Structures are given as C-alpha cells and as structure tokens.
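S.K.: Take a look at the letters that make up each chain.
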Amino acid sequence: MSPVTAMYVAQAIHGLTYGMLLFLVASGLTLIFGMMGILNLAHASFFMLSAYFCYQVVAWTDSFWMALILAPLGTGLIGVFVERFLLRKVQQYNLGHIGDLLLTLGIALVIAEGVKTIWGTESHQVVIPPSLEGLVSVAGLEYPIYRLFIIGLAAAILSALAFILYKTRLGMIIRAAVSDADMVSALGINMPRVFMFVFGVGTIMAGVAGVAAAPMLTVFPGLADQIGLDAFVVVVVGGFGSLFGAVVVSLFLGELNAFGIQFIPRLAPVLVFLFMALVLSFKPMGFFGERDD
Amino acid sequence: MIKSKRNLALWVVFLAAAGIAPHVLGIVKTNVLVELAGFVLYAVSLNLLLSYTGVLSFGHALFYGVGAYTTALLLYHVEGFPVIGALLLSGLAAGVIGLILSPLLVRVTGTAFAMLTLAFGQLMFILCLKFREVTGGEDGIAGYDVPNLNIPGIASFDMLDPTVFYYFALAVCVIGVLIMWYITKTPLGQVVVGIRDNTLRVDYLGYKVPQTKAIVFAVSGFFAGIAGSLFALFQGIVSTDGVLHIMVSFYPIMAILIGGIGTFFGPILGSGILIVLEDLIMRYTERAELITGLLFIGVVLYAPGGLLWLWRGLMAKLFGSKSQPASEEVEA
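Residue numbers (my numbering), protein chains in the order written: chain A, 1 to 293; chain B, 1001 to 1332.
Hint data in this document are derived by calculation from the structure and do not stem from the laboratory.
The model shown is predicted, which means the values in this text are computed figures rather than measured ones.
Be a bit skeptical, because a hint or two may be false.
[Stated by the list, open to error] So these bits of chain A aren't anywhere near chain B, every CB distance computed over 10 Å:
#, residue
1, Pro3
2, Ala10
3, Gln11
4, Glu113
5, Ser137
6, Lys167
7, Ile189
8, Glu255
9, Pro269
10, Ser281
[As the list claims (entries may be wrong)] Below, computed lysine-lysine pairings styled on PhoX-like, alpha-carbon distance capped at 25 Å:
#, chain 1, residue 1, chain 2, residue 2
11, A, Lys283, B, Lys1208
12, A, Lys89, B, Lys1317
13, B, Lys1185, B, Lys1208
14, B, Lys1005, B, Lys1185
[To be verified] Just the calculated beta-carbon pair ranges, DEER-fashion:
#, chain 1, residue 1, chain 2, residue 2, range
15, A, Leu187, B, Leu1301, 28 to 34 Å
16, A, Thr168, B, Phe1265, 35 to 41 Å
17, B, Ile1175, A, Leu187, 27 to 33 Å
Even for Gly, the Cβ is constructed at its ideal location relative to N, Cα and C.
All chains, full assembly: derive it from the sequences and hints.
M.R.: This is the structure:
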C-alpha cells in the first residue's frame, strides 16, 4: 500500500472511531428528543461523568472491564433520577422547551463543576487493558487494536438498538411515541415509564461511550465539550428523533472531522458548525426528521 | 396619576442611590456595579428575544463579542479614537451582524433556533480563536489605551478614573435600557409580542413577520454590542474566553430566568442577584458555577416564572389583586 493510500485509510478509520463514539452519544440524545421533546443539554455531561466513574472504578478495582459495566450503570442511575425527579416536574409547568433546556443546562453546569471539585482540574490517565493494547496489521497497515475495539463495541450496540427498536414490542411503542406520544398514552401505555426507560438507556449509552473514550482521550473537565456540541449537530442535522439520521450524520461528521484536520487544520472545527448552519437554514427539520417542533 | 407619581419617586430614589453609590461603597464595589451596568444592558437586550419574540438564543455572546472586539480593535489600531464613537460603532457592527444573519434566523423557532444561534456563536468563537493575526487568539487583545471622554468645549473626563467610568457605564446602561423599553411600547413592539403569541394570525393581519423579527435581531444585537464595548473599555483586555465563550451566552439567560421570564424588568433584578451573588460566592469558593448551577436548577424547579412572578403571585394572594402569575405567557 502506498503511503498516501495508507494515510487516507488510517484517517478514515480515525474518523470512523470518532463517528462511532459520537453515534453512541447522539443516538440517546435523538431518541430522548424525539419522544419527549427534550433537548438534553446535560447529555454530554453524562458522557464525561461516566469517564470519571471509569477512572475511579479502575483506580479501585484495577479492571477496565469492571469499569465498562459499572460506570455506565452508575451514570444511567443518575440519569433515571434526573428524569424522574427533575425533568418530570419541570414538564408539568407550561414553560415550553425553555424549561427543559434551562434545567438540563443547570444540570450540565453542576456536573461540570462537580467533577472539578471531586477529581480536580488536571487530566487523568486510564490505561488500556493489556488484551486491547498494541497494534494490529490490517491490510498492510498497522492500526491500534483499541480503536478497532471501540468500533466493534459501538457496532454491537447499534445492532442491539436496531433490533430492539424494529423487532420488539417495546421498540414499536418507542417508535410510535416518537411520532405521537399522546396517542400512545391514550392507548393505555404507561408513557412516563417508557420515558424513564428511554432516558435511562440513552444515558447508559452515553456512559458506554464515556468509558470507551476514557483511555483514548484521557479524563479531564473539558472532555464533554467537543463531543457534546457535535452530538447536537448530529441530532439537528440528522433530524430530531431519527436513529437512522443519527447513524449517518455521526459517521459523516467523524470523517469530516478527521479529513478536515488533515487538510485544513485551522478551519476544521468551523466545518461542523458551518455544516449545521447550512442544513438548518435550508432544512430546519434536518435530513431525516419526521416530527415538526 | 398616583402611579406616575410613584414611578417618579422611584426614579428619584434610584438616581440618587446610583449617584452617591461610588462615594459610599468604595472602589471595589463600584467596579462590581460597573460590571452590573454592562451585564444589565446585555441581559435586557437578550430579553428582547427571549421574552418578547419568544425565541431562546444560545449564541448571544456572538453580538457581545463582536462589540467587544470592535472596540478593542478600534482603540488598538487608531490612537485616540473617541470613546463614544467606538461605543456606537461596536453596537452598529453587532447590529449589522444581526441583520446579516436574520434571513437564516427568521426561518426557525424553538429548539432549532437555539441550535442555529449556538452554531453561529461557536463559529465566531472558533474563528476568533484561529485568526490570531487579527484577534490575538486565546491571548486576546490587550494594552490599548482608553482615551478621555471629550465633550468639545465643555469637559474632558478621565476614563481611567473608576468613579468617572462608573457614571459613564451607568449613563450608557440607563439610556440603553430606556430606549429598549420605549421600543417595546411602540406599535412595532406590540407586533413583536403578537408574533410571539400567534405568528400565523399576525401574518394574516398583513404584518411582515420576517422583517419585523429581523429588526428585533438587529436592535438586540446592537445593544448587546454596546454592552460588549463597555466590557472592552472597562477591562482593557478582550479575549475569546472572556467575551465569546458559550458561558457568556448562558449567563444572561440565567439572569432572565432568575428575575422573571416574560417581563421587562425581571432580567434587571436577575442580573443584580446573579452578579452580587457571584461576588459573594467568589469570596468563599472557587466553584462559583457550581452554586449558580444549583441556584439555576432550584429556580427552574420551584419558581419557574422567576422571582418577579413569585413576588407578583405573593402580592396577588395578599392583596387579592387580579394580576395572576402567568408563566404560561411565554412559550418557546
């Protein structure tokens, strides 16, 4: 393989890795938004919180695999608590979207400052487990195993999610609720419980992404910034509530990011927002959006 | 008649209190008041969008930052540029940006509006960060002199004197707020409220909805730019983190929410509470944002209309007046 092709392939896999992480964060965000009409500004904060939990669990038990299970669950519990006791209360007031946005913004602030208070402002290293360390040779190209592991993990979760959404009764209810939650509720389904479930699963997925990202990006207070903003772009551009849109746009943004850094490093971060501004200006509902809000 | 007499008395008390404040409070607290004056102007300008037009902007720092950078660049490159000129040009620059963006902004409402403004705010943040030759990047622009405020033939004021600057900031703030208040009372202001409550109906009545909104964006941007300019004049340094960071967009939203959404004077109350509280908290802990965040959650949960509505509700209960708290008034 010529060096140029090798560079393109390596950059493409880099982009795929980030795109997959982004998908894990954005899919929860878009499902929550599609069903409940809540744009959860604290969603990326859960991603970061889980990375810190991962660091803590690894520090205690010395096992990354333990962290991969415990940290997302802990984060999911906090997410469920937030939904049950805070969001549900705000939804009763007639503040429209402003109430949800402001509440989740407040939660994001508290988490951002909370982790600084507990774990300090310096960045923490999480070591890659020995079994995932090192490089693997893919088609004549040396590539870190850990990044391939992230891609595999996210692909597995994507398949599981697609199976639940499209092949089970629960998935049918969730898809119905995305298009009209009131109607589903009128059919006698306990919507608050479904909301809580989706919110919990969404935060757990953000949590898994947080743990997966921890060894790669290190754990520090600004961890959520980029992926959080990118996840909003995915939700907005992909269409509020569309899982398919989230997959496509996440992968696209991952590649845009990777190749943007390669070719126009100075303007790479601008591309994402320029892309969102363009799409919003001409297709305010996003590419695959079904719901108009 | 009684009401206007009471209002007059309130104004006299306010101006007297504001007039003697720097002599009673000392320099440190006077500087807090200067900060407050700029912040009030900024919050009220955002409130034109949030409470009157009914759209939530997550990128108001864009206008604030443009204002601040305009002033800094003018004073840095043109020695002795008149202060008032810099102030007005900064507002104008921000207002023009508002006008330029308005064809895109008027197309969307609700969450899409919040996200679009967020995108523009972040775009400007990154651009200013990356184009170091012009903006100085992360370090920002510093070391420009603030010239004296000259009123030809009458007086010349030394802007580096904290007390003088306080009166200057106070004057800019009061004039700006009064102009915005006046605008909300004009027919244009009424049409804007109509657009918030029922866009379709206003459209059918023959009013030009996109153009009206564009004017509001420009006006709101103008005053946010003036507030940014005040910041640049006062701090003597303008950096991306200081004027364009996403938190700069969020702070006035907090002030509006704490004070009372859907009111004109609520944001002023909220700004006061936020700035004074922050000043107090900063003395005891570095984690000011933790407390503000908690306060914020508390307000959203327990006083969803803000403190002004809480107060009005209390008054209504005590004195049986008919003005009920109506937090439903604002819908995104």
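S.K.: Can you name, in rising order, the numbers of the hints this structure does not satisfy?
M.R.: Result: hints 4, 9, 10, 16, 17 break, sorted rising.
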